[in-house]
Amino acid sequence: MTITENNIKQPIGEYIQNWARKHSLFVLAYGTGCGAIEIPPTMTSRYDAERFGIRGAATPRQADVLLITGYLATKSLKRVIRVYEQMQDPKYVIAFGSCTINGGMYYDSYNTINALDRYIPVDVYINGCMPRPEAVISGFVELQKQIASGNAYNATKYKENLEWYRENQKKIIKNWRMPDYNW
Amino acid sequence: MNFFDLKGLLQPLGAVKQLGKKPHTINYPYETKRTADRYRGLHYNDLEVCIGCGNCSTICQNAAIDMINIDGITAKNGDSGLRPRVDNGRCCWCALCVEVCPTGSLSLTKDYIYVTPDANAFLWTPGVSNPDAKNNISFTSDTNLSLSMYQRVPMRELDGMERVKSFAEVVLGYSEEEARAEAQRCISCGLCSNVCPDHMHIPEYINAIAQGNDNDALKIIYDNNPFPEMCGKVCTRRCEDVCAIQVRGEAVAIRWLKRYATETAPTAQKIKDIVNPIIAEPNGKTVGIIGAGPAGLTAAYYLALRGFDVTIYEAQSYAGGMTMFGIPKYRFPLDSVKKQVEYMESIGVKIKYNTKVGRDISFEEMHTAYDAIFVGIGFQKAWTLGIENEDIPGCIAAVDYLNIINRGDSFDVGKKVAVIGGGNVAIDGARVSARYGAEVTILYRRRISEMPADWEEIEGAEHEGVHIAIQTIPTRIIKGENGKVSGIEYLKAEMIADENGGRPRPVAIEGSETILECDTVIGAIGQEADYSWLPESFKAKIEIKRGMMIVTNEFNQTGDPKVFAGGDAVNKTADAISAIADGYMAVKGISKFLLGN
Amino acid sequence: MEKETTLYIGPQHPGITGNMMVKLKVTGDTISSASTHVGYLHRAFEKLIERRNWLQSFTILCRFCVPEPDPMELTYARAVEEIEGREVPERAEYIRTIVMELARIQSFMLWYGGQSGSSGLYLVGQWSVGDRNYILDLFEDLTGGRVYHMYIWPGGVRRDLPEGWKDKALKTMDYLEKRLDEYDKLMFDSTIFQKRAQGVGIIPKDKAIEWGVVGAPLRGTGIKHDVRIDEPYCAYDKLNFIVPTQEGGDVWARALVRRQEIRQSISIIRQALDKMPAGEFYNKIPNPMKWSIPAGSAWVKTESVRGEVGFYVESDGSNKPRRVHVKGAAYTHGVTVLEKILVGQNIADVSFILNSLGVCPPEIER
Amino acid sequence: MDNLQIENNILETIKTAFKVEGKVVREKRVEITAHKQLISSILLFAKNQHNYIHLNHITCVDWIEDGEFEINYIIWSPTTKNTLIIKTRISRENAQMENIDNIWDQANTYEREMREMYGIEFPGLIGEHEFILEDWDEMPPMRRDFDTLEYATKTFYQRPGREDAKDVREELTKQSGEEIPEFAKKYSREK
Amino acid sequence: MEDLAIKILGAVLTTIMAFTVGMFYGGFVRKLTARVQNRRGPVVYQNFIDLLKLQSKTTNIAHGFMHHMAPIWMIIASLTTLMFLPILNGNLWFPNISFHGDLIFLLYMMVFGSLGMALGAGQTGNPNSAIGVTRGLSQMVGFEIPFVMSLIALMIQYKTTSIQDIMIAQNESGIWNMFSNPFAFLAALFAMFGMFRYSPFDIVGAPAELASGPVSEFGGKYLGTMMTANSIFSFFKLTLYVNLFMAGAGNINDVGIVATLIAIVILLIKTFALYMVPVFYGWVSPRYRTEQAIRYFWAWPSALGLIGIVWALI
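Protein chains in written order, with this note's numbering: chain A, 4 to 186; chain B, 3 to 599; chain C, 27 to 392; chain D, 129 to 319; chain E, 239 to 552.
Worth flagging that the hints you see were computed from the coordinates, not collected in a lab. What you are looking at is a predicted structure, and each value in this text was computed from that prediction instead of being measured. Every residue gets a Cβ at the ideal spot worked out from N, C-alpha and C, and that includes glycine. One or more of the hints may lead you astray.
Unchecked claim - Just a few of them, taken from the derived set where beta-carbon distance is under 7 Å, the chain A residues facing chain D:
#, residue
1, K78
2, D111
3, Y113
4, A118
5, R121
6, Q172
Construct the complete structure from the given sequences, taking the supplied hints into account.
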């Protein structure tokens, strides 16, 4: 039995699962960059992201969404990869602001990465430096759309192309003192 | 621990009353909060206003702005044809690009939401990506707030009534401080260089001045212009017409800055010391040049630098051509050209004075003697007015008049002078006459806005008390009792729109004859070249059309590959900088022709 | 004797302010030693500024400290003005004062959220961080930016006050004052909060200055030190305000100091809005690409929420700064001071103390 | 100059005690230039005798042209509210500076940072070598001869799609055929 | 046979009801919390969505046997405890295997779930979990004392350990225990703060301190199962309290559908009202430190419990 919505055909079980995933996004509390300053306003009373079922999760095990809130220092990148790999499928990454797209204002810094999607797969990019709460919510709405249509499968891509990602990651993280993969 | 502090334990429960309050949550995305009137969101660029100066791209500390070609926008004078594209993967919404935009075309809008899963989709061409955003502009720059400096550092000048008392230079030049301040205004876009006939390296030398390296500035200037002092004083400066700052303010005073740079080298020796030109080893090729005007001298200078053996043939007893005696002293002192020629001679340019080609030496002779010939004869003969009594005493062509005055000979202009024409030469004639205490009237066929002379000149003339009678067509000169001029009769004209869409023509009004009393009539309606030196046998190859020599390529080569030409006789614009440019291009052509590089 | 275990707080941890790590050696619930590890946010600002010219630097500088960017802008502007000898119009000084105090308030609101949230009182955080948006709205109207304002630049401020802004600001201040009373009832009147905060994270008064403690934590030990009074800048010498101090040096004293300061800030804003003269707001700088500053150096301090922010700016006469070195309060607070005062504390209080010191990791590593 | 009396007094005292150069920069700023061997004694003197008990800042400026690092110690006195800046220069080659974290504990942080960022050694400095960076094996990054853009371009991926960018000046010269001589290019617009 | 069938059916119904009610209460609390925080908050059935999502996540963590067992243990423990609790007084449909609900037995059973949790969390090796477990057990020790005291007071008062008997006694006398023995009730109420782990006693999972404490390493289905168990368990706790101190669902012995429904509604009202007490207090309280929390339980509430016992004796 399938169900069709917005021209996308899905088996009903998957449809329901996606519907639940879409409306319940646990966001990992990890402020990786400047953009973290707009997370509290998004989560609190004025913008109230909980309306969309978005709430904070304290540990990567419980989280669905990893927010990369801006630039990533190479030292942070290592932790982010670790955190990302600890998260359980299905998991999503939302990248905030210019820095994650093409380096932003730190494009010439020796300590920040430029393009996030070389190191971990990204589902949604939000424009801004930094994105306002409205933009953040738009990002979540876009993510929800992707989840509902069953297209948010970037985490699978990561597993499939792990070698490529690893190569990129190891180019920057010179001393790889991590378990090689920790699903 | 105080367990009995019931107030402290229970009072916070008062917060429960907030349950009844309406939440202040913004129900985005179902409702949207108003964005501030000066919010800095995505870029918008008014493509029509933008001139592609690229200042936004330069100020961007994130290297976020690229200048790219856009369909439908082509380069033209004062527009590079490029438009900014913002990489939103770099932009930090600081809006410095808006603050420095000289035209004010770039602004930020209230839109800020752009969400996509595609990381490569963040290249944003303002104005193309969001053509409708014009009504949504928020953060803009106006001339008061912009970081572009729209106010020119004022040039110190003699007062109008003070000027007419002598032939002292009107413009006093920038002091060092003023020059640095003025040079700082330049945004180094290079739109000016593009329209300069000679393509001088304007951004570079202005920057050198701004940084306090006047010597480097002079060196850069001498790279392709050996007459900077003249250009610094009397250039027609098309560069300033396209200056990016000029769109909303006063153009950078490029001419005055060049003048400032040249003032640091008052003698030929000083010039040589500063410019320190590298003279190539003689390459054994000889070049003959006809006419020691700007074009000829330029060609000679750069050819000499490249190791050619250069000889100039000049009919007059002095070098410099029209620039020597054709410009009044209050604009351009006489010793300037002398200094320049002295400098050129010091690096090996040979000039044969009083040697008129066609009289003292034949063109055929030259043609065989030299490996290449450059013709820079200029316009020598003034056009006649073509009206009655033109040849009587008291009626004189402006070029002749200026020549006489500048040589120091005397000419009695009388009490009242009429000048016919609207070009710079006419104004020069008028202002010189004003310095002799005459009451001067300029008769011009069209309106003031259509006068080809520089507005500064026109203004200067007006300040000095020159009256401009517009829309007047002289019909005859009135011969007085002593056989001299006593007045001029002219018709009033009205401007009739041209059916073909051209500019309006002045048409005389019947019966509107007016007589203007005057003692001297100065005709300044143009000059032409004299081609009597050119043998008929060459005229087949070297084409002359409407008094102009025709060149076949950008190197100013004529139909005869050995003969190059430049200056007024070739160039319609007929100004010194074009002549210099012609000379410079011919040097390139001759090098290519003779040396193959 | 219980076994000593190692506990890492951060970098991914809900209790950490920003992105840093505190490595704790714990015996039972008691911390026996602590060390701060930073570098997760190092963006090499000071290196990047060497590549940018004097004006371009100002856009990057505000990112030094994310929760409170304005003092950074101001300090830089003042340092440049000092080296260059550039005058600032009086109106600009008043506008700067207002911006500084608004920044202080919004940062305090965030601190309310952090301090209460780290103790489990989420309600105050929800309120104060929500209400903070009204101040950000004011900023947005004034500067065009919500968080990074890039508004105060050398020579003055970028834009004048927009129409009607003054009334809006006053209204917001009234609203805030009302709301602050409600926060107080929940936080400062609550017995449990008092119990949590009193006697925790004590900075000894006699050591405080030598340890490099500044700002509210220093005032919390009873020492009156405020750059706004010691070396007045902007329009502070023309306005009346008091610098609150508290004895004790613990989290509670620091909280009380902040509670009073936020009210002082509101009063300063009202005064400044009232006294602000008309006129120019900006002493225009020359073409930024060619703007060189005479050689020289300046050490300029500004009072931010966390304490004094100092900029050492050195110019070699070119159009780019030779060196801009930033010393934020967190540099000492977050490393040496934190490592000292955490010893002997309960692990439950780590995040609590971090918040009360106002540790801002991006300011430490820059 | 009455209002600078305190500043002048301090300057004079230190000048006479250590025979060093110095000046009063402005109100509440006194600047002293000293040889590097004098630094710790001046700091101790200022701390103990003049109550400069607060170490504000230690900063390092790289004067690569002179082959020297300039280290500035900025200390502050709560009694006079005065700031004393002590400058010293050390050679860039084998840069070494005295460790002062026995005078102020928090100097430890500054020195660790300088060791990491400039490669200045502080004999006797305790603390992990890695303070901010991790696994860094290039030249200390804050040295002026380290080119951060080059390193970033080499190490981090640059997103493609911007290759069609044109330089305005270059494009214009292409249109007009202008040839900018080499020696003038340094004055062309910065890219 | 028929009896057994009804019993099984009743058990299933009880479970469903406990689960649904528990989850909805969670949702209501979230909504109300949001409102008090001046925001809109999620939909009331948000907890169901969360659960559905958690159950549809993959779970690839393996820390050991107990780690896998912990959620199962928890859900079994909460179901078992629920089964031993009379939901509706004397109602045919919800008697469960109550043997009239033995308090002492239940007291043991209630610890059971937490114990499983503790074992599971201990095995994850996450220091946050370990500390969380320690804290949880300490806190349990803390609140168990006043709780047990108040139960002893009740047992003394009614000379029975049967919950059903206590309910019937209240209904017969018409005076709820919260009035007849207010001290015992207050002691139990304070213990309830600790049981529900709302502020100021949320020291176990304290996010700012211990990430999420014992459950740090549990995600996906495990977390979902735990959530279910918790929902059921909170319904159990509320019902237990209502049974003990507020006369259960009232004196309705009719087995008719309507009467049953009325009884359920009464039960829901009472439990919800009771639930609001720790919730309200949780909104406005910061968190205690562990030792403060324990000291707290051992002081006032224990004293009240003692008074309650004395009161009951008198």
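Right, here's what the structure says about each hint:
| no. | hint | in the structure |
| --- | --- | --- |
| 1 | K78 | holds, 4 Å |
| 2 | D111 | holds, 4 Å |
| 3 | Y113 | holds, 5 Å |
| 4 | A118 | holds, 5 Å |
| 5 | R121 | holds, 5 Å |
| 6 | Q172 | violated, 12 Å |
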